[in-house]
Every structure is written in C-alpha cells, then in structure tokens.
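Q: Chain by chain, the residues:
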Amino acid sequence: MAELNSKTPKGPLSSKWTQYKDHQNLVNPSNKRKLDIIIVGTGLAGSAAAASLGEMGFNVKIFCYQDSPRRAHSIAAQGGINAAKNYPNDGDSIYRLFYDTIKGGDYRAREANVYRLAEVSNNIIDQCVAQGVPFAREYGGSLENRSFGGAQVSRTFFARGQTGQQLLLGSYGALSRQIKLGTVKLYDRHEMMDVVIVDGKARGIIARDLITGKLERHFGHAVVVATGGYGNVFYLSTNAMGSNTSAIWQIFKKGAYFANPCFTQIHPTCIPVHGDYQSKLTLMSESLRNDGRIWVPKKKADAEAHRNGKLKANDIPEDDRDYFLERRYPAFGNLVPRDVASRAAKERCDAGFGVGPTGLAVFLDFRESIGRLGKHVIEERYGNLFQMYEKIVDENPYVNPMMIYPAVHYTMGGTWVDYELQTTVTGLFAAGEANFSDHGANRLGASALMQGLADGYFVLPYTIQNYLAGEIRVARMSTDKAEFADAEKAVQTRLDKLMSIKGTRSVDHFHKELGKIMWENVGMGRTEAGLKKAIDLIRKLRAEFWKDVKIPGTLYEVNTELEKANRVADFLELGELLAFDALNRNESCGGHFREEYQTDEGECKRNDEDYKYVAAWEYKGEGDFILHKEPLVYEEIEVKQRVYK
Amino acid sequence: MKLTLKIWRQKDAKSAGKFVTYALDNISPNCSFLEMLDILNEQLIEKNDDPVVFDHDCREGICGMCSLYINGRPHGPDDAVTACQLHMRKFHDGDTIVIEPWRARPFPVIRDLMVDRSAFDKIIQEGGYVSVNTGGAAEANNILVGKENSELAMDAAACIGCGACVAACKNGSAMLFVSAKVSQFALLPQGQVEAKQRVKKMVRMMDELGFGNCTNTYACEAECPKLISRSNIARMNREFLCAKVS
Ligand SMILES: Cc1cc2nc3c(=O)[nH]c(=O)nc-3n(C[C@H](O)[C@H](O)[C@H](O)COP(=O)(O)OP(=O)(O)OC[C@H]3O[C@@H](n4cnc5c(N)ncnc54)[C@H](O)[C@@H]3O)c2cc1C
Ligand code: SF4
Ligand code: FES
Chain A
0 MAELNSKTPK GPLSSKWTQY KDHQNLVNPS NKRKLDIIIV GTGLAGSAAA ASLGEMGFNV
60 KIFCYQDSPR RAHSIAAQGG INAAKNYPND GDSIYRLFYD TIKGGDYRAR EANVYRLAEV
120 SNNIIDQCVA QGVPFAREYG GSLENRSFGG AQVSRTFFAR GQTGQQLLLG SYGALSRQIK
180 LGTVKLYDRH EMMDVVIVDG KARGIIARDL ITGKLERHFG HAVVVATGGY GNVFYLSTNA
240 MGSNTSAIWQ IFKKGAYFAN PCFTQIHPTC IPVHGDYQSK LTLMSESLRN DGRIWVPKKK
300 ADAEAHRNGK LKANDIPEDD RDYFLERRYP AFGNLVPRDV ASRAAKERCD AGFGVGPTGL
360 AVFLDFRESI GRLGKHVIEE RYGNLFQMYE KIVDENPYVN PMMIYPAVHY TMGGTWVDYE
420 LQTTVTGLFA AGEANFSDHG ANRLGASALM QGLADGYFVL PYTIQNYLAG EIRVARMSTD
480 KAEFADAEKA VQTRLDKLMS IKGTRSVDHF HKELGKIMWE NVGMGRTEAG LKKAIDLIRK
540 LRAEFWKDVK IPGTLYEVNT ELEKANRVAD FLELGELLAF DALNRNESCG GHFREEYQTD
600 EGECKRNDED YKYVAAWEYK GEGDFILHKE PLVYEEIEVK QRVYK
Chain B
0 MKLTLKIWRQ KDAKSAGKFV TYALDNISPN CSFLEMLDIL NEQLIEKNDD PVVFDHDCRE
60 GICGMCSLYI NGRPHGPDDA VTACQLHMRK FHDGDTIVIE PWRARPFPVI RDLMVDRSAF
120 DKIIQEGGYV SVNTGGAAEA NNILVGKENS ELAMDAAACI GCGACVAACK NGSAMLFVSA
180 KVSQFALLPQ GQVEAKQRVK KMVRMMDELG FGNCTNTYAC EAECPKLISR SNIARMNREF
240 LCAKVS
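The listed protein sequences correspond, in order, to chains A and B.
Residues in the first sequence are numbered consecutively from 0, following numbering that gives the first Met the number 0.
Residues in the second sequence are numbered consecutively from 0, following numbering that gives the first Met the number 0.
In isolation and in its complexed conformation, chain B is listed as follows (with noise of 0.2 angstroms):
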C-alpha cells in the first residue's frame, strides 16, 4: 500500500506544533498501525530526522497506553480497537491518513503524538478503590455476588483508561472514564460503604482539573475501545445524586 502521512509534530509542551507530511510505500495490509508507524521512524531516523514520538506499550489492546487520533477518530475507524489493534487493512492503497494526539485542555502535549494523562490517575486516587488493607480480609466466598451484577461490574471495569472518551467529546468530557469506574463499585457489595463518599470525590476532582461537562452527545461511547455503556453515566448521575442529597 502506499500511504500519505498527516503528522502532528510539536517539540515539546511549549512549542507550537504543525502537521509535517510524509510518504509511505510498500506497507503490508496485515501490518498494524503502530508497525506502520514503525516503518515510518526507521525511514526517518535513516534520514537522520527525529522519529515521530508516540505512547505504546502492551500493543494488545489491554494497556490503554496507545492514544493516536486518526482521520478524526480517536484509535481510528475500526469500532472496539485501541490503535494499536487497527490494522493497515481498514485502509486503502493511496489514502491519505491524518494523525494526531488527543487533543483535551487537561491532557497537555508532551511530543509530538504523546499526552499527559494523569489526571486521570488523579481522579482514581480520589476514590476509585475499596479503602481496604492488606491482610484480614474475609473468606472470598463470604461476599456473594449475583452473576448479574458481576457481569455489569465486569463490563464497567473493563476500560483500560485510555482516554478516548475525553478526546471524542466537543466538551472535553471524562464522564465515560469516571462513571466506568464508579460503576463497578456501584454494582458491588464491597463498593456500598464508601459509595456517596467516592461519587462526589471523584467528580469534585474531575471538575477541578478542567475536564468538560457532558451534554449527553454520547460520541464517548461511539469511540470507546472497549464499549463502555452510556448507561454507566446515568447510573453515576443517580449515585450522585443520592449522595448529594443525603
């Protein structure tokens, strides 16, 4: 396939960035997007040019380190695949393909194609967790919990805190993120203590570090890898509620 790269390039955090147009041949239509990638920087570090720099670890859709915005889609235009699952087949020979970081005021640029993302863990450290020690938990199987509700919870935890949520939405929006999280506890025998406690930490933080409000537009859960419901939203939306009213 031969390919025509739109690349955001940006230094560092301070300076501006620009979109740098490159050329590609030859690449296999079973190749990933990141091993395209891949092609790309050896051609350029050949070139003696700065490769292009980009967050990617696992390469297996689990980590949530991959966060590449492409042809205005976050993780790009296969449904329920992070970036570095979509493979150069969803393509065709002599497209043109636009990449960029995710773009969302509180994950700041650090290079090129690689954000911040911790604000997200500083929503986790907020409440996302069972305050419980190490050592003396009950017997495991004192706690039943219905397939039912273990299912939802699993569901709910399966996001791997990517962040594509937030940059699929016009607002900015951590909402999926969030309520992923409080979901699962909400769901779960173990959540209930610390419940109202969690839900209104949470979002106190999610507000402080300038994430947006949601307008219910939902593209999170269109651009969601691993198909977060929308329905985690209403239910953090009614835990928080009961938290605040109590």
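Here chain A stands alone, though its shape is the one from the complex (with noise of 0.2 angstroms):
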C-alpha cells in the first residue's frame, strides 16, 4: 500500500496557489496550436475549460452525450453559488468560505485544495457577471445574497431557481464563441467508451457516435473527463437520466484511483416517492429551507391520521409541531448542512412520525414567511419551485405544506486528483463532480457550481500547462497506432457481447434492482451487514445481468437500450466499490454513516486516528481492488468535531 503524492506546494497555505502559479512551466503561442486536448463532458467544469483553453490557443475537441452542450446536467442546478464577496457586510472572507467548506466536509477534504477554491470564487462572479449571466440584483443594481446551509452568512448568489441553467449558458456561451472560432471542435450526441493510454500517457479516447453507432478514435495530447457525477448508482436520484459513472468507471481500470466512492449525498428536500413506475426524483432547491420551516407532528397520532388522509397538516395546532431542526440544532436551525438535515428527517420518520401516505416524508412549510413576507416576495424568491412541485405533487403549496423526503444528489466521491488535477495516469485529468477533490464526506449547499466553474476557468487551464510544456515535441499521433487499435477492439468486443446475451430481462429491471440493494443497505444507515449482504447481491446482479440482459435492435443505429445497458454494466461494478469503501471506512462521517459509529445523540463518530485520510481504490480485476492513503495533513484548521447546535 503506497501512499499517494498530492503535489501539494509548499508554502503558506494562503500563497501556495500564487506561489505554483508563478512557477509553473507555461506554453508559448506557437507551442499552444500544435498540442490537441480533448475534453469530455460539456457541463460548468468542461466547457468553462474549452472556452478558457480554446481563448489560450489550444486546439480542443469536447463530448457529450446529449444533442448540445447546454443540455448538461449543470443546467438543472437551482439554489445558488458561493462566493467570498462580503457583498452583505456580515463577516465573510476566503478563510471563512475554506473553513466552512472544510468543516462542512466534516474534515476529510485536502485544505490546500479547498483554499485554492474559496480564493478563485471571486474570480467566478466577476467572470459570470462579465458574460451578462442575469444574478440578482437589489434595487440598487448591486448583487444580491441568500443564505445556504452550513454557514452563518449570505454568500449565495444565484439567478432566480436556475442558477445552474444560468452559469452553463455563461460557460455555454463562451464555449459556441470558441466553436465558432474554430479552437473547439464539439462532438455532440458521442459517447466516450474508453481512454487510449500510450507508454504510460493518456493520449487520446474511443468514441462512440450515439446516431451510427460507429466508434471513433481521437488523439490527444491530453485527456480532461469531466463527466458529472455517479448518483445514479441508486437508480432513483435527482440526477439526468443519462449521467453515468462510466467515463471514470473506464478510467479506473485503465489506472486511475477512484477516491472515496462511499461519499455520496442525500439531499434533506427532494419530492417524495410516489410510485414504482417513478423514474426519477425532483429537487427543491437548499435555499427553500431560508424561508421554509422544517417540521412533522409532534404526536404520532396525528401522523397516522395525516398518513391516512384523515388529517390535514394546517390543521394540526401550532403546539402540536416539532420543528425538529430547530429543536436539535437551535445555533443553524433549518439551514444546518445536508447531511445532518436528512438523517434528522429519516430518524423522525422511522420513529413513527413521518407524514404522507407513505410515511416517508416531513413538511416544508412557509406558512411563517408567507405571513411575514407576503406571498409575492416568497413567489419572486421561489415562483418556478413551487410551480415545479404542484405540477408533480396536484397540490399547492402556497396554502399546504410541502412534503419532502432525502434523496440521492450528489457526490463527493470520484476519480483521485492531485493538486493540479491530474489523475494518477499521467495526462489524463478529471474536473467538476467527476473528480473527488474539494467537498470531502460532505458538500455544503452552492458549492458544488463553484468547484465546477473554478476547476474550468480557473484552475485547470492552468495546471493542465504545467504538464502539457513538456509535451511540446511530442507530434500528433496518427490513431491508427496499435493502442488506439486494441482499445478500440476491446470496446467492440463488450458491445458485441452485449448484444449478444439476448436475454430476457430488459436494462431497466437491473438499473432498479441494483438501485434498491444500493438505498436499502448503503443509503443513509449503513452497518457492517448491510454492507456485506450488498456486495453479495451486487454480485449476483452481475452474473445475471451479463447472462440474461436484453437489448432490442442492432450496433449501428440509435440505440438507447444499448447505450442504457452499457452504463448500468458499469454501476453494477461501481456499486460493489462503493460497499466495499464505506465498509472499510469503520466511522461515520460527513454522507457516510455508520450505525455502528454514532454519538448517543445519534450524531457523526468520526475517527480521526485511523480515517484521517483519502482512500483512493486501483483496480485489479472484477471485484478487485486495492486501498491506497492520502493522509489528511491539516495545518491551518484544528480538526475538531463538527456541531451545528
């Protein structure tokens, strides 16, 4: 077991990114047009890095699997993004904005990493607010802010409930400008199948072109994957239907470690569950919990008699409320980060007092605000959330409250960068939710965005140079080399067989399968059982997946089963990492829970003197890996235990 090297620079922590900056090595202009870099994935992450490597003069070829790249999941991102502006005047700083960050990753995050992200997270707002992205703005034309878990101030900025969409056509934009520049070359509706490594680098990928089926080789002289997350491991998540692990799942077998897979969030607001024809699980935005109160019945008859339709929740009297939030965190109340506000949820509702028809959901209600504010000022904060929800649910929630349940959001986990986001195969990079890098076990509301966008524009056009100055000689390569042959070759070979099971039992039914034994056994409660038994029955989801799958039509031609089958084949492993990390990982931190590590107030045990680190997996074979440590080494913040009371 060797310990890995995060090239962290030396130094002060607060000029380490200064100081790396001045002494990197850089690429001249006419050095620039001849070195090819290909990104994959078109979301905040990859195309702010196009654009921004396009703008140097670089020559940049990026994927996505959607028809544009403004269909990236980014888009669908609602509450907000931080930044250290202090615009409000209530205290806030870099070191404050790395400390919370920090702190809300309950201490398993890499401090010169996070200090790098709240130090560039101004840069952002003036880049986004430069390319005309429409933020908020008071009366007097300045930004406005809002408040997001896990901090004591308002450092959020956002546009209305679509932040996200609103920051991906900035980065969008920039992108096209590139495009039609011709410094981007953009390969939508493809596929990335595998990474072509060539003594020893990354060099280039296989492609598939999800219209023709075809696959296709292309070179590079580096590779970035910026793929978005791997939530949809548990089938049933707020992610895109199509956002997959694979693009790092392949990576992974070709070298590069994944890093704390176990990390996953679960997000205290999401739209329950309703049915087993349900494909996936709507957000309601973080911010909602600025204005909305957080509560179920204090008596557990009133649960069952709303459970039963019985009982209306406006008419359960205010006394008859626990507002469990405030109750247990009084210091943060309803804004205390996420992970803690769904445990405190899932705890109530397994207690006996969840509401809804299945008893598997808690009230958001903004009764309070309403009467506060006026209806209108909670319509112009949250207008598109709450039409969103009555859409779904056929109720208003101006008048009810809404109901909400944790869901499968986010997460930290991911392929293992060093400082410069490299991966641990040289010249293959990883940006944005795709790599592990900034949130450790927990990430803090509007924080994600941010990463996304300073690994993109600011971080990785840079760092990416350091590595690519000593490339300048190397000339393109022709892809009929005999890697780019035999990657492609093996590509084939799995899509063959793939197609070669007829089976009889459609993607969908494993997908669900699989996404069942994930939330039961290693959703929020995991034990050392639970997670022995999923590891058991992933296992035997496998086998049979690869035996009785069955996939309709042919190769060479838009198929979506196929293109389905091939990114389950890969969560059916992922999940299998997944149990083993959080199994190995004897404590509870941040998302990952333990039952057996808790506090006999049913909060986090973290255990520093043995867990203090990253864990970064390398594949071996099927079901093989091997642990690698990153020692945690904090030399700014005083590691201490995480309260929110």
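These are calculated hints, taken from the structure and not from any lab test.
Among these hints, one or two may not hold up.
[To be verified] Listed below are the simulated EDC-like cross-link pairs for lysine to aspartate or glutamate, each with C-alpha atoms no more than 20 angstroms apart in a straight line:
1. K89(B) with D393(A)
2. K89(B) with E389(A)
3. K549(A) with E41(B)
[As the list claims (entries may be wrong)] Covered by chain A, per the in silico footprint, the following chain B stretches (three or more residues, Cβ under 8 angstroms):
4. 27–37
5. 46–54
6. 78–88
7. 182–188
[To be verified] Reference excerpt, derived from the structure (chain A facing chain B, CB under 8 angstroms, subset only):
8. S51
9. E54
10. N58
11. R70
12. A75
13. Q126
14. S141
15. A158
16. G172
17. D187
18. G241
19. K279
20. T281
21. Q491
22. S505
23. K549
Note that the coordinates shown come from a computational prediction; the quantities given were computed from them, not determined experimentally.
Positions of the beta carbon are idealized from the N, C-alpha and C atoms, including for glycine.
Dock chain to chain to rebuild the complex, using the hints, since each chain is given by itself in its own frame.
A: Right, dumping it as structure tokens:
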C-alpha cells in the first residue's frame, strides 16, 4: 500500500496557489496551436475549461452525450453559487469560506485545494457577470445574496431558481464562441467508451457516435474527464437520466484511482417517491430552507391520521408541531448541512412521525414566512420551484406545506486527482463532480457550481499547461497506432458481448434492482452486515445481468437500450466498490453514516486516528480493489467535532 | 387509465415514417408522460419490438431535451410545462393520444420522435454571448444593473432551447428563441458593445438555416414552456432595424 503524493505546493496556505502559478511551466503561443486537448463533458467544468483553453490557443475537442452542450446536467442546479465577496458585510472572507467548506466536509478534504477554491470563488462571480449572467440584483443594481446550509453568512449568488442554467448558458456561450472561431470542435451525441494510453500517458479516447453507432478514435496530447457524478448508481436520484459513471469507471480500469466512492450525498429536500414506475426524483432547492420551516407532528396519532388522509397539515395546531431541526440544532436551525438534515428527517420517519401516504415524508412549511413577507415575496424568490412542486404533486404549496424526503443527489467521491487535477494516469485529468477533490465527506450547498467553474475557468487551464509544456515535442499521433486499435477492439468486444446476450430482462429491470440494493444497504444508514449483504447481492445481480439482459436492435443505429445497458454494466461494478469503501471506513463522517459509529445523540462519530485519509482505490480486476491512502494533514485548521447546535 | 397511443415511428432520417397504434392499460394518473412511455417501451422490449426513441434527460423541465408533439401541441395539453413535466392526470381514461416529433425543416427527424436541433447551436455560435475571455473581468459590482432590467433579462434568459416555438409555428420560425437571447443581452450593459453585430449575425444565420418568417401569429408564445414573451420579438425587431440603419 503506497502513500499517494498530492503534489501540494510548499509554503503558507494562502500563498500556495500564487506560488504555483508564479513558478509553473507555460506553453508559448506558437506551441499551443500544436497541442490537442480532449475534454469529455460540457457541464460547467468541461465547457468552462474548453472555452478557456480554446481562448488561449490550444486545439480542443469536446464531447457530450446529449444533443447540445447546453443540456449537461449542470443546467438543473437551482439554488446558487457561493463566493467570498462579503457584499452583505456580514463578516465573510476567503478564509471563512474555506473554513466552512472544510468543516462542512467533516474534515475529509484536502486543505490546499479547498483554500484555492475559496480564493478563486470571487473571480468566478466577476467572470460570470462580465458574460452577462443575469444574477439577482438589489434595487440599487448591485448583486444580491441569500443563505445556504452550513454557513452563518449570506454568500450565495443566484439567478432565481435557475442558477445552474444561467451559469451553464454563460459557459456554453463562451464555448460556442470558440467553436465559431474554430479553436474548439464539438462532438455532441457522442459517448466516451474508453481512454487510450500510449507509453504510460493518456493520448486519446474511443468514442461512440450515438446516431450511427460507429466507434471513433480521437487523439489528444492530454485528456480531461468532466463527466459529472455517479448518483444514478442508486437508480432513483436527482441526476439526469443519462448521468453515468462510465467515463470515470473506464479510466479507473486503466489505472486512475477512484477516491472515496462511499461519500455520497443524500439531499434532505426532494419530492418523495410515489410509485414503482418512477424514473427520477426532483429536488426542491436547499434555498427553500431560508424561508421554509421543517416539521413533523409531535403526536404519533396526528402523523398516522395524516398518513391515512384523515387530517390535514394545516389543522395541526402550532403547539403540536415538532420543528425538529430548530429543536436539535438551535444555532443553525433549518440551515444545518444536508447530511445532518437528511438523517434527522429519516430519524423522525423511522420513529413513526413521518407523514404523507407512505409515511416517508416531512413538512416544509412556508406559512410563517408568507405571513411575514407576503406571498409575492415568496413567489419572487421561489416561484419556479413552487410551480414545479405543484405540477408533480398536484397540490398548492402556497396553501399546504410541501412534503419532502431525502434523496440521492450528489457524489463527493470520484476520480482521485492531485493538486493539479491530474489523475494517477499521466496526462489524464478530472474536473468538476467527476473528481473527488474539494468536498470531503459532505458537500455544502452552492459549492458544486463553484467547484465546477473554479476547475474549468481558473485551475485546469493553468495546471494542464504545466504538463503540456513537457509535451511540445510530441507530434500528433496517428490513430492507426496499435494502442488505439487495441482499445477500439476491446470496446467492440464488450458491445458485441452485450448485444449477443439476448436474455429475457430489460436493462431497467437490472438498474432498478441495483438501486434497491444500494438504497437499502448503502444509503443513509450503513452497517457492516448490510454492506456485506449488498456486495453479495450486487455480485449476483451482475452475473445475472451478463447472462440475461435483453437489448433489442443492433449496434449500428440509434439504440438507447444499448446506451443504457453499457452504463448499467458499469454501475453494477461501481456499486460493489462503493459498498467496499463504506465497509472499509469504520467511522461515520459527513454523508457516510455507519450505524455502529454514532454518538449517544445519534450524530456522526468520526475516527480521526484511523481514518483521516482519502481512500483511493486501484483496480486489479473485477471485484478486486487495492486501497491506497492519502493522509490528510491539517496545518491551518484545527480538526474538531462538527457542531451545529 | 386505459390509453390508445398513436406514435410516429421512423427508422432513421432516410426512411419514411408512419403512425403505429399501441394500447396501454393500468397507467397511474400520477405517472409522468415520459414514465408512461417508459412503461410502453418495457412492454415493447418484452415483445421483442424496438422501443420508441425519444429525447429526454433531466426530466424536470430545464435541459430542453424532451421534444414531443402531443395531440397537436408541442409539450402537450398543459400550459407552461415541458413534456417531461406533464402528468397523466391531464388526460382521461380511454383517451387516444397522438405523439409526433417536432416537425420543421431545420429539425430533421433522426429516429421516431428524436430530431436534430443543432441548428439552434449554430445560431448561438453566431453571437449568443458576450465576447469576453476568461480572466481579467472587472469587479462584479462595478457593473450595476437596475432590478427591472435584470428581471426582464432573466425572463428572456429562461429559454431552454427546446424548439417548441419552432414546432408550434406554421412557418417554422425561430424568432422567439433568437429574440430571447438577443433580448437578454439588449437589456444588460454587458451586451451593448456587440449589440448590432449580434442581432445581424444571429438573424442571418437563422435565415440561412431555413427557419421561416414570423407572421405574428404567436403560436410560439402560446406553446413556450418557459413563457418567453412575444415582446422579445418586438425588441429584437427594433434592435435589428437599428443595426441595419446605422
Ligand atoms: C437537481 C440538482 C440541483 C443542484 N443544485 C445545485 C446548486 O444549487 N448549487 C450547487 O453548487 N450545486 C448544485 N448541484 C450540483 C451541481 O449542479 C453539479 O455537481 C455540477 O453542475 C456538475 O457539473 P459538471 O460539469 O461536473 O458535470 P455535468 O454538468 O453533470 O456534466 C457532465 C457532462 O459530461 C457528459 N458526459 C457524461 N458521461 C459521458 C460519457 N460517458 N461520454 C461523453 N460525455 C459524457 C455529459 O454529456 C455532460 O456534458 C445540483 C445538482 C442537481 C442534480
Ligand atoms: S423560446 Fe420557449 S419554446 Fe422556444 S426554445 Fe425557448 S423555451 Fe423552447
Ligand atoms: S427532459 Fe429535460 S426538459 Fe424535459
């Protein structure tokens, strides 16, 4: 078991990034034209990186599986993006944003990366405003802020309930400009199938054209994977239907370590599950917790009456309501971090106080704030979310409180990267949600958009040059090379195999089964026995999949079932690693809650002595993973128990 | 619920298409429209038929990927929603539902209900942005934007690029889509420097790609899932005239 080198620069925390940039290698303009960079993913991380690198003069090829770069799942982010501007004058600073993010992550993130993130957060806002992103404004014309969980300051910038959309359209605009200028070439409706490695360095990818079904070979001096999160391993999540782990799973198999796979985020405020035909879950933004109060009935009888449809929420008197977050965490109240809020909701429901037809829901109530601020203010702040809720649930949330329940939302784990965002494969980089870097064991709200854009605009375009400066003498390679041919052949073999099974069960059947195993055993409460059971069940399900999956159609046409099958095959392997990692981590921290390790009050019991490290897994073969540790050293921050009381 | 579905099936861009009728039973009114199609597809796979191909991804009305023409209306009978946000409770037991792809010359069918909308990307590439490189942006609060204009800009920027406006228009005009982007920047100080070039180039590309003319019937506005207002079209026309005379 080797220790991993994060290549964190020396020197005081606050000057590491400046120092790095002052001393890194750069590529001169005439050489930039000779260097090709492949970027997979057009979300915030991918599109921002492609646009910035194109502007610098590199040749970029960018890939996405949707029909347009603008449809990457970043588009769905609702609530906002953090920055340390301190516009409200409430005492915010780079240090405080850094501190909150480390603490929010339950002391499982790398100090230097998080500090850099906080440092560039302000540049992101400047950049986006220059692009014409229509952030919310005060009457005087300056930018407005709101609060998010895990912070006592107001530092979240937003564009109504569509912040991700507006940020992505900003970076999509910048990307489109480069496409027009010819520095970036776009490959939409293309899926990355594998990475190509030549002499130990990433030199290209194999992609499948999703319209013709043909495999293509693409060369790059460097490859960047920015393919988003793997939450769909749980089947039901707030992710898009096509969100997948395939790109980061294939690079894992080629030597890029996978870090902290068990750090998954369950978001407290989602619309509850209502039927087994359901295909996805819808988030109700965390920003709602600014004005909404979360509660369940104090009396079990009331909860039961509500479940049976005999009692309405509004008929439960104030004194009979248990605002359990305000009760348990008076200092942060409804704005505790997500992991804390989710577990508290689950605890109440498990104890018999859950509401709604299934009993798996709690109330999110706006009555008080509507009384205080007026309906129009609530409408201006959250109108589109209220509309979304009403369309799905068929109930008016201005009148009746919303019902919400936790759901899988985000994955903190991902490809292991060093300070330069380089993976353990030379020349292969990972950015955005696809990497593991900045959120430790729990991500605070409004910090994924920040990280995606930090990686894409301000970090990767620098750090990748430090690598590429050494590659200027490497001529463009022909994709006839054996390494490309072999990689393509391996992909072809796998696809042929999938098509030849001709079994009896649909892809969705297997995905749903996997989802059930994951949610029940590797979800909000994990135990040693449950995790072992999950590993066993996943292995069996995987074997069954490869014997019995049914994929209609052929390889060389639009074949959406084949696309899904290819992704589910990878989830069936990832699920096992996730459980493996959760089993290894004998502690509770952030989103990883092992029931054996909790305080008397049911809070996470971390074990810093034994587990203050990043668990980076190396692939050795199917179901065979080796653990490498990156110890986490805190020089600036005192590691404490996380308290939000 | 019991339903009869008449769905446009077309093998690929070159083949001719036709309607095929399917019967479906036991659909919950709480099911979304796309989940209803999932159920149909499960049954087709069961019977060794090819599932119906349709575009979708976020399933929450924001990515703009879903694009179904349902009973003669883009995104179906409900107002201000996308097809993925439409629920079966908007239909009745025993209904016949006709499902087609977007039909417009610049959006050729790829397969079944899936069309090629890359024409929209090409229009944006002409100028749907502020030309500013990464780095070197000024302090954000140096640019002040009045609340009213910023709200109007946001209204316009809410467009999801779905193409329902084009599908709704008898001329296949893309005016609502293009004007939404032009308006966003026309309303903001950041957009002023390139305003004239932007509108000219985007309109020229729109014409080149074969989108039709606007004859002021405003079916686009009526069908837009994001309630993009026709006033954006008027604003773009002003911008365009201004750009041409100067
Ligand atoms: C509903 C929702 C709300 C959210 N709200 C917030 C919020 O308010 N604030 C916040 O900070 N964060 C929020 N998040 C989290 C945040 O939106 C995401 O973490 C972030 O946008 C991810 O960006 P990304 O660029 O890493 O990936 P994505 O935007 O997911 O992009 C992935 C890209 O990779 C491509 N891709 C994937 N796989 C392949 C493949 N195999 N081959 C080719 N291309 C591929 C896709 O086509 C896509 O272009 C939210 C997330 C969700 C789901
Ligand atoms: S203007 Fe409306 S209908 Fe047209 S693309 Fe935009 S959101 Fe869709
Ligand atoms: S699937 Fe994204 S808008 Fe309908």
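Q: Hint by hint, say whether it matches the structure.
A: Cross-check of the supplied hints:
Simply put, K89(B) and D393(A) have alpha-carbon atoms about 11 angstroms apart, close enough for the 20 angstroms limit, and the pair holds. For the given pair, K89(B) sits about 13 angstroms from E389(A) by alpha-carbon distance, which is consistent with the 20 angstroms threshold. With a C-alpha separation of about 11 angstroms, the suggested pair K549(A) and E41(B) falls inside the 20 angstroms cut-off, and the hint holds. Three residues within the 8 angstroms Cβ limit are the bar, and the region 27–37 of chain B against chain A gives 7, so the coverage statement holds.
Note: the region 46–54 of chain B has 6 residues with beta-carbon separation from chain A under 8 angstroms; the three-residue rule is met and the coverage holds. Here's how the region 78–88 of chain B fares: 5 of its residues keep a CB closer than 8 angstroms to some CB of chain A, so the rule of at least three is met and the hint holds. Beta-carbon proximity to chain A at under 8 angstroms applies to 3 residues in the region 182–188 of chain B; the threshold of 3 is reached and the given coverage holds. The beta carbon of S51(A) is positioned within 8 angstroms of a beta carbon in chain B (closest approach about 4 angstroms), and the interface hint is therefore held.
Using the Cβ-Cβ criterion of 8 angstroms, the hint placing E54(A) at the interface with chain B is satisfied: the shortest such distance is roughly 5 angstroms. Using the Cβ-Cβ criterion of 8 angstroms, the hint placing N58(A) at the interface with chain B is not satisfied: the shortest such distance is roughly 17 angstroms. A distance limit of 8 angstroms between C-beta atoms decides the matter here; for R70(A) the minimum to chain B is near 4 angstroms, and the interface restraint holds. For A75(A), the interface hint holds, the least distance from its beta-carbon to any beta-carbon of chain B being 5 angstroms, beneath 8 angstroms.
Given hint, Q126(A) at the interface with chain B, holds; its Cβ is 5 angstroms from that chain's nearest Cβ, closer than 8 angstroms. Checking S141(A) against chain B by beta carbon gives a least distance of about 5 angstroms; that is within 8 angstroms, so the hint holds. The interface hint given for A158(A) is met, as the beta carbon of that residue sits about 6 angstroms from the closest beta carbon of chain B, less than 8 angstroms. Because the smallest distance between the Cβ of G172(A) and any Cβ of chain B comes to about 3 angstroms, under 8 angstroms, the interface hint for this residue holds.
About 7 angstroms separates the beta-carbon of D187(A) from the nearest beta-carbon of chain B, less than 8 angstroms, and the hint is met. Because the beta carbon of G241(A) sits about 5 angstroms from the nearest beta carbon in chain B, less than 8 angstroms, this interface hint is met. At about 5 angstroms, the closest approach between the beta carbon of K279(A) and any beta carbon in chain B falls short of 8 angstroms, and the interface hint on this residue holds. Residue-level restraint check for T281(A) holds (minimum Cβ-Cβ distance to chain B is 5 angstroms; threshold 8 angstroms).
The interface hint given for Q491(A) is broken, as the beta carbon of that residue sits about 22 angstroms from the closest beta carbon of chain B, more than 8 angstroms. Taking 8 angstroms as the C-beta cut-off, the interface hint given for S505(A) holds, the closest approach to chain B being about 5 angstroms. Evaluation of the K549(A) hint against chain B yields a held restraint, the C-beta minimum of about 6 angstroms falling below 8 angstroms.
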